[in-house]
Amino acid sequence: MIHRFTVFVCLWLLTVCAYGKDISIDTAKARLALEVELPAQGDFTQEKHLAILKHPFVSSGRYRLNQEQLVWETLAPAPQTLTMEKQNVFLWDEAAGRREMPQAKPFASLIQQLLTGNLDALANSFTFADEPNRPNCVSMQPKSRSIASVFAGFLVCGKSHITTITMTDNDGNITLISLTPTR
Amino acid sequence: MSPMKLGRGPWIYLILIIGCTVFAAYDVITQRTQYNADIRAALPAASHSRQANADRYFSAQAMHQGIISVRADSNKTLLSAIHQYLAEHHFVSQQQPDRQLQTLAQFYAPYSPLITSPHFSQALQTSANYSRYFYTRLSETASPFVSASMALDPTLNTAAFLAYMTQQTTLFSLDNDNLIVNGERGPRIFIFFDYQGQENTEIQQFDHLATHLKQWQISYPNADLMYSGAPFHNAENTQLAKQEMALFSTLSLVILVVVMGITFRNLYTFMYIHLSVLAAILAGFGVLLMVFATVHVLALVFGITLIGIAVDYTLHVIAHQDSEKSPYLKTIKTAISLGFVTTVLGYCSFLFTGVSMLIQVAVFVVAGLTAAWGFAMWMVPETATPTFKNSVLFRFSLRYNRVLCQVSPRTLLTISTLLIILALTYLQPHFVQSPAVLNASSAQLKQQEAIHYQYLFANQQRYLVHASSAQQYLEKEAKLITQIQTHYPSARFDAISLWLPPVSQQLKNRQHWQQAVNTGTFSPVSEWVSAPIPALPETLLRPSDFTRPPLSTLYDSHIYEQSDGVTGWFSVTLAPEAAFSASLDLEEGVKYDKVLILSQAMASLIHHVAMIALITLGIICVVIFARHGIGRALLSLIVLVNIVGGALLVSFSIDAMLTLFHLLAVMLILALAADYLIFYLSQGREPNTQFAITLSGITSLSVFGVLVFSQTPAIHQLGLTVLTGVLLTLILTPLVTKEFT
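Line by line, the protein sequences give chains A and B. With the first sequence counted from 1, adding 48 to any position gets you our numbering. Take the second sequence: its letter number 583 is residue 579 in our numbering, and every next letter is one higher.
It is possible that some hints are incorrect.
[As the list claims (entries may be wrong)] Subject to a maximum C-alpha distance of 27 Å in a straight line, what follows is the list of computed DSS-like cross-link-like pairs (lysine-lysine):
| hint | chain 1 | residue 1 | chain 2 | residue 2 |
| --- | --- | --- | --- | --- |
| 1 | B | Lys329 | B | Lys385 |
| 2 | A | Lys102 | A | Lys191 |
| 3 | B | Lys72 | A | Lys191 |
| 4 | B | Lys587 | B | Lys442 |
| 5 | B | Lys210 | B | Lys442 |
| 6 | B | Lys587 | A | Lys134 |
| 7 | A | Lys69 | A | Lys191 |
| 8 | B | Lys475 | B | Lys326 |
| 9 | B | Lys72 | A | Lys77 |
| 10 | B | Lys475 | A | Lys153 |
| 11 | B | Lys210 | B | Lys238 |
| 12 | A | Lys102 | A | Lys77 |
Treat the hints as calculated values from the structure; they're not laboratory data.
Please work from the sequences and hints to get the whole structure.
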């Protein structure tokens, strides 16, 4: 229990308290030095550190990205697929089938823009800040009200490609996504 | 002619007119009175039915809402400029309810055992289903619903409920706080806003906003900027009506000045005629502003038409002035009073219609005519040297009299009646009841309105349902939704019974929940979560819980409580109506057809006015019968029917339709024709009477002639019918009397 609490607090401190000074988009680009080639694909692991959970909830899956769409496919523990095509976002799971999910668009857009290295588009919705002891990380704070209503901030790390995305919601819950490109 | 010495009556008259003038000036300067040009505001309820009452209640908010849309990929500078302008000018944008997610979760989580969604309901069927459901929801990356509600309801029922409700009711997707809607012209950003500044500046502010939007349309052609909404139509209609009123009033007065100047060539006579018109307009306008806080612009249009009638009384007195007391002056004054009473009685019937705009017309015209009558009685000198005997008009009226002497009235009236019957059979005129034909808005605004409608309401059907209580309404609505879902499972609903399930549904949900608890279905929750699952609530969700935030706005926009129960609406989207309409048992409900309701209201108004026209016709005939006997009364009736029928038929053949305003024109025609008939019947075709009527007719023709060129359909229709009617009145009314000897 103490171990879980310590991890939770550390992660929270990392994403919220470690928020550094604002940096320009060029500095953010330089820090991440993203080299994106489409189509791209890889695996992901997601850890949910919610205050209410007894232990972190881990799920995993794979992603595919090309010019037309982003497919975010959770394979375990329960299959689920998030697809973003042009302006539309769809969610599929075994129980409910495929349905449009406009509420998931802010997240889908964020992932798409990060994976494609489109920091210019992200700059419309976020301000960037440095991470003093982590040269390959950039903090992002939402400018748009719709994203800020759910998320307090994001921490994105990587060199040439994104390796981790840490999301902190307004209740202090943290979601840590680790990405491993497979090509 | 020299100015006369004034007695007590004229002084009182002058004080009253000055009082009206001062009040009107004060009102205009302080902008106390609001002006409205929305044709819908002039319409009565189709009936005082539940549907009509509910429609008025539900439409009230939309009457003040504006909509702007641009292409989703538009320049951000444009969007910033629009938002900045709106914020600086008291326009308040309406936001999506996303920010209320936490509040909604706090509201619903304690009631979790009473609510459900299709997915959660399915999950509760077996433990395996629920496990899969629980892990699937928890796996969702960055689900705002799970984040907002899991601490309050670890079963994730509240999260699923809120996700389902958002999916059902949200047409928009969000991108950088912009509301995006997909449609035929591609994705567009929509901005919805209300004006929350001073109410009496709303029209002006929307007019200014429209001007800015038009400039941005030019500056940012790729943005495909559009705007719509009732206040924009209102602003356009008001501006046009005001411009046209100013133009036509000026034109009418100029014509009046020229005709009177040429005819009388005498400053005093000239002055008296124009002062009588001015007094009538000031009295009408002043009294109207005194009585009403909101004035319909169309009622003011009658201010112009009043010029045509108001001048008559003074003209008749002047036409009978002589250096000695004219033998005809006493009888002409009696005739003037009789004509005045008849016209006033006709217009007074508007007072009993219950239609605000018609009551305003009645108040304006009655006050104006009273002022014109008072002027003719008290302010115009009785003795003066006539200056019109050599005028072109006087000679014309004499010549016209001679032409009439050679015509058999019976033959002329028979031919006229036959022509009207033939035209009626051939043309088959009919009244158009759609208020849309009276909308004077630009084609561009109408087109943008249609495009926005396609984006926001395409494939959507609305239904109105009535019930004896709110609870019964919820039961009925839920039953209808189930019926539609049976035929079309993917249909989406905007319905209050989804947010507030009826008691029967809540009890069923509670039973399923209890079963799930008893069978250990929620075991994954206790495995993963430290918090307990919500306990069964002590009370059910009730309509009274929706009378306070966060859902009071939603509830009030769907439910209207009337004296005999509750009327509410729900909408169905993404389901072709044909797929379910036949099997829909609406009981006490109807399809919510806004156009139909407005058309019914217009039909009701047309019926009202037609009845009043008939009553007025009756009053005129009764007055004539009392003074001149049954023969003259019947002859007058035939003449009046010919005039009204002819005017309507000519209008129909030109405009290809008849509307409320063609019919309103009939009231004016009857007022003028009644005056002319009474003058002819009391004086015969005496040259001075003939001259006064001809001159009066020419002024009326000039006043209404200019209205024909109006771009406002209502004003054009009014002008055309009165123009034709006055022409026919000039030709036919002399036929009721004998040749002057």
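Report task. Please name the hints from earlier in the document that this structure breaks, with their numbers sorted from lowest to highest. Result -> 2, 6, 8, 10, 12
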